[in-house]
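Chemist: Residues per chain are reported as follows:
Protein chains: 6
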Amino acid sequence: MKRAFYIGRFQPYHNGHQSVMERIAPLVDEIVIGVGSAQLSHEVNNPFTAGERLMMIAAALREIGVSYHAVPIEDLRRNALWVSHVYSMTPYFDVVYSNNPLVIRLFSESGKKVQTLPMYRRETLSGTEVRRRMLAGEDWRSLVPDPVAAVIDEIGGAERLRAISSSD
Amino acid sequence: MKRAFYIGRFQPYHNGHQSVMERIAPLVDEIVIGVGSAQLSHEVNNPFTAGERLMMIAAALREIGVSYHAVPIEDLRRNALWVSHVYSMTPYFDVVYSNNPLVIRLFSESGKKVQTLPMYRRETLSGTEVRRRMLAGEDWRSLVPDPVAAVIDEIGGAERLRAISSSD
Amino acid sequence: MKRAFYIGRFQPYHNGHQSVMERIAPLVDEIVIGVGSAQLSHEVNNPFTAGERLMMIAAALREIGVSYHAVPIEDLRRNALWVSHVYSMTPYFDVVYSNNPLVIRLFSESGKKVQTLPMYRRETLSGTEVRRRMLAGEDWRSLVPDPVAAVIDEIGGAERLRAISSSD
Amino acid sequence: MKRAFYIGRFQPYHNGHQSVMERIAPLVDEIVIGVGSAQLSHEVNNPFTAGERLMMIAAALREIGVSYHAVPIEDLRRNALWVSHVYSMTPYFDVVYSNNPLVIRLFSESGKKVQTLPMYRRETLSGTEVRRRMLAGEDWRSLVPDPVAAVIDEIGGAERLRAISSSD
Amino acid sequence: MKRAFYIGRFQPYHNGHQSVMERIAPLVDEIVIGVGSAQLSHEVNNPFTAGERLMMIAAALREIGVSYHAVPIEDLRRNALWVSHVYSMTPYFDVVYSNNPLVIRLFSESGKKVQTLPMYRRETLSGTEVRRRMLAGEDWRSLVPDPVAAVIDEIGGAERLRAISSSD
Amino acid sequence: MKRAFYIGRFQPYHNGHQSVMERIAPLVDEIVIGVGSAQLSHEVNNPFTAGERLMMIAAALREIGVSYHAVPIEDLRRNALWVSHVYSMTPYFDVVYSNNPLVIRLFSESGKKVQTLPMYRRETLSGTEVRRRMLAGEDWRSLVPDPVAAVIDEIGGAERLRAISSSD
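Chains as they are written, first to last, in the UniProt record's numbering: chain S, 1 to 168; chain R, 1 to 168; chain L, 1 to 168; chain W, 1 to 168; chain A, 1 to 168; chain B, 1 to 168.
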């Protein structure tokens with residue numbers, strides 16, 4: 001069995017993530033998905049809990065039909081230990097797909113095989129842009145898979161983001 | 001969608017856990033499985049990493065065919081915060097199945113619905129007994145689902161347990 | 001017995017805090033005061049220890065005569081657990097008074113009753129302004145209750161702030 | 001102003017503690033009370049939260065009428081830093097009253113004045129004995145001040161202790 | 001340059017450690033010495049701070065004349081990350097000398113070369129025995145190198161151990 | 001024996017540090033060197049592990065020939081405990097040499113003797129400038145002692161810095 005690892009913060013999961021998953025899915029048997037900064041939530045740049053992000057991932061991947069493991073990864077703030085931390089929390093994987101320079105470097109120093117995989121239309125497809133639109137009251141739903149929009153609506157995600165970012 | 005929560009340490013996953021899953025599966029749409037003491041491994045009572053335990057769970061549940069989320073839960077050592085910690089790391093769930101008095105009490109104090117669900121043949125079906133047999137070189141494979149035994153053999157689990165428990 | 005909860009960093013306690021306490025005092029039997037970011041001190045934005053801030057609060061509230069509990073609350077950096085953290089460290093309270101959007105949101109999501117209570121003359125009555133005046137050698141004493149000024153003078157507070165903010 | 005420091009776990013506050021407070025009260029202006037192992041609760045040896053213990057202390061000291069500060073102190077598990085930790089969380093104090101060898105040694109090494117103060121009838125007046133009676137369904141109320149018994153009854157303390165200690 | 005790694009708690013450094021160093025010294029250019037459980041002190045089983053243990057090591061190795069690095073290593077309580085933790089805190093080393101089964105296993109799983117090196121007269125030459133004699137007022141000085149005894153006497157080590165272990 | 005304490009981050013060790021060591025060396029018997037923010041590495045402002053920085057210090061001080069102890073010091077983020085943290089990890093020292101206002105203040109409040117010691121040609125001799133030149137591909141080797149440049153080259157330091165700072 002061949003497994004690939006991909007890590008993101010998924011604040012929230014958007015069409016760029018979906019595009020990545022669609023490209024990785026045919027190449028491996030299973031995808032191991034790290035949900036980064038898992039301990040953060042209710043912050044302007046990290047509004048959703050790890051559990052809510054797991055629900056988004058499940059909803060989105062049901063559409064693709066790929067086999068996967070989604071695992072919350074808490075920040076350690078110790079880069080030299082981070083790869084061991086990831087290994088300890090995840091099923092064994094053969095290859096890492098990433099476009100993050102630090103992730104690439106840390107896995108490379110550990111001897112793991114890394115493949116770069118550019119994000120699709122990064123300028124408009126980013127968590128930052130989705131959150132900006134939520135705050136501005138603009139259309140954000142077109143940037144995320146439909147089942148993810150449904151999850152966010154169910155938990156009142158846009159409302160939460162606006163509440164915690166209102167000026168004191 | 002109705003979800004149940006069940007938490008264990010799964011050191012390792014054994015037939016008692018499988019029996020619990022088989023009884024919960026028909027009652028809900030999805031099971032949220034907490035992998036407790038996720039940060040521990042390579043200890044006599046906690047030999048396996050969270051990632052290895054996720055592989056055991058995946059192998060065992062493939063046989064049952066139930067939809068599930070398996071989530072590592074690190075110990076906080078602060079019982080008053082533990083329920084919030086679990087909520088933050090997991091998809092929303094409606095009911096807790098447990099036979100652990102502390103788990104039952106903590107969820108009850110938070111207002112969550114809890115169902116007790118006794119373990120099946122607990123005297124011989126426990127992680128303690130499986131680990132004892134691994135150390136003694138006795139038959140442990142009959143106490144775990146076949147696909148779990150395969151995972152443990154692949155990672156050299158029994159050998160690791162004997163290595164770390166040898167006297168100094 | 002009816003208790004209200006109010007949280008601040010109190011770096012230092014100033015007349016704006018005093019005004020809040022005077023408005024809450026008649027409405028409840030006791031005030032539970034959270035001393036936020038309790039673990040921080042000797043920083044330009046957090047010069048005073050939690051213990052020093054407890055002394056300021058005691059000195060200021062002696063003038064009002066209200067019954068209260070003052071409790072240091074260390075930062076968790078996990079917003080989803082913060083309300084449980086506060087509950088575990090404080091006597092039971094019925095209502096939260098706050099004008100901080102995150103505090104309001106977190107307590108609201110937990111089901112606790114929250115009342116907003118605008119700060120009095122916030123532009124000049126803020127910890128930021130008091131610390132700016134201490135650093136600039138301007139009059140800061142008029143912005144804090146007299147007994148608080150006495151506490152700060154006794155511990156050499158303004159001198160400490162100037163020492164740690166001097167350029168390297 | 002002269003302040004004394006006294007630290008205990010107060011699981012729960014009992015007549016032995018009350019006796020100590022009555023003996024210290026006439027000697028100083030204020031008592032600084034550290035609530036040790038503040039982060040623990042819902043354990044057989046530590047059933048009550050720090051906040052619940054603050055309520056017990058307030059109820060008991062109302063009878064004595066002494067001026068005090070009660071401050072939760074979380075465990076650090078680093079003895080060499082513990083005295084600085086206590087100092088950072090508490091108002092300044094002049095003398096420590098303790099009969100705990102480690103507390104005495106740590107404050108002595110830091111140069112603080114320490115007075116020993118033997119517990120009153122320790123064999124029957126201990127948190128261990130109170131909890132044992134709660135579990136056994138025996139009379140525990142006579143071992144604690146009446147207002148403390150009222151607090152424990154209000155929060156269902158004995159019931160909680162029995163629930164978390166029931167065998168799995 | 002060839003470096004060996006050796007880790008101990010050194011509570012205190014004794015003749016068994018000295019014997020190990022004398023055997024490793026001729027085999028390598030430098031010894032990297034990990035001072036384990038560095039964060040612990042003032043406990044019956046861990047009376048000395050990491051800094052005090054560094055002074056013992058320096059005093060003892062001056063007699064052997066070997067080149068070395070002594071590095072405090074704090075406990076992580078996460079075995080799967082421990083090897084990375086050690087690597088991040090120490091100069092690069094080629095080989096591990098150890099007789100501790102867990103240390104041997106963890107380095108072996110990481111692919112590092114490990115040599116076992118039995119302790120010399122372990123029954124009487126152990127930190128446990130040295131501490132027992134200190135507590136009992138028996139001769140402990142003959143079990144440690146003379147310069148180590150001098151360090152322990154200078155910091156009042158035996159007196160500290162007796163103070164913290166006296167019954168409450 | 002007289003010991004001095006000096007602390008830096010040494011990211012990397014440069015000629016300014018060497019100049020400081022040369023000035024302190026004749027004044028004391030041994031230098032205790034704290035390697036600050038020891039837990040950080042693989043960051044743009046903190047590229048090197050504590051272990052790599054220990055190798056740089058050893059290489060540089062071999063040229064001066066001074067007796068020293070180099071000790072990694074992890075950040076606590078609790079300034080009020082920081083001096084006790086340093087004391088617990090280091091051999092006893094008599095005097096602190098520093099030009100950092102916070103370090104000076106914290107040791108002064110603890111009663112330790114502090115000497116200021118200005119950096120040599122700080123504008124061009126700083127870790128910031130060395131890292132800037134590494135990133136820009138300019139000459140950085142002339143800013144560090146030759147043996148330090150050799151260590152950095154051996155671990156591929158400049159390459160690592162460029163890898164982790166490349167834009168995503």
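To be clear, the hints were calculated from the coordinates, so they are not data collected in a lab. Just so you know, these numbers come straight off a predicted model, no measurement behind them. Hints should not be assumed to be uniformly reliable.
With a cut-off of at most 25 angstroms between alpha-carbon atoms, the simulated DSS-like pairs for lysine-lysine come out as follows [unchecked claim]:
hint	chain 1	residue 1	chain 2	residue 2
1	R	Lys2	L	Lys2
2	A	Lys112	S	Lys112
3	W	Lys113	B	Lys2
4	S	Lys113	A	Lys2
5	R	Lys2	R	Lys113
6	R	Lys113	L	Lys2
7	A	Lys113	S	Lys112
Chemist: All hints are to be evaluated individually against the structure, with a verdict given for each.
Modeler: Now the hints, each set against the structure:
The suggested pairing of Lys2/R with Lys2/L is violated, with an alpha-carbon distance near 38 angstroms, which exceeds 25 angstroms. Pair hint Lys112/A plus Lys112/S holds up; C-alpha atoms about 17 angstroms apart against a cutoff of 25 angstroms. Restraint check for Lys113/W and Lys2/B: the C-alpha separation of about 29 angstroms exceeds 25 angstroms, so the hint is violated. Restraint check for Lys113/S and Lys2/A: not satisfied, since their Cα atoms lie roughly 29 angstroms apart, outside the 25 angstroms limit.
Taking the CA atoms of Lys2/R and Lys113/R, the gap is about 13 angstroms. The hint holds against a cut of 25 angstroms. Among the hinted pairs, Lys113/R with Lys2/L is inconsistent with the structure: their alpha-carbon atoms are about 29 angstroms apart, more than 25 angstroms. Restraint check: the Cα-Cα separation between Lys113/A and Lys112/S comes to about 20 angstroms, which is no more than 25 angstroms; the hinted pair holds.
Going through the hint list in order, the structure does not satisfy hints 1, 3, 4 and 6.
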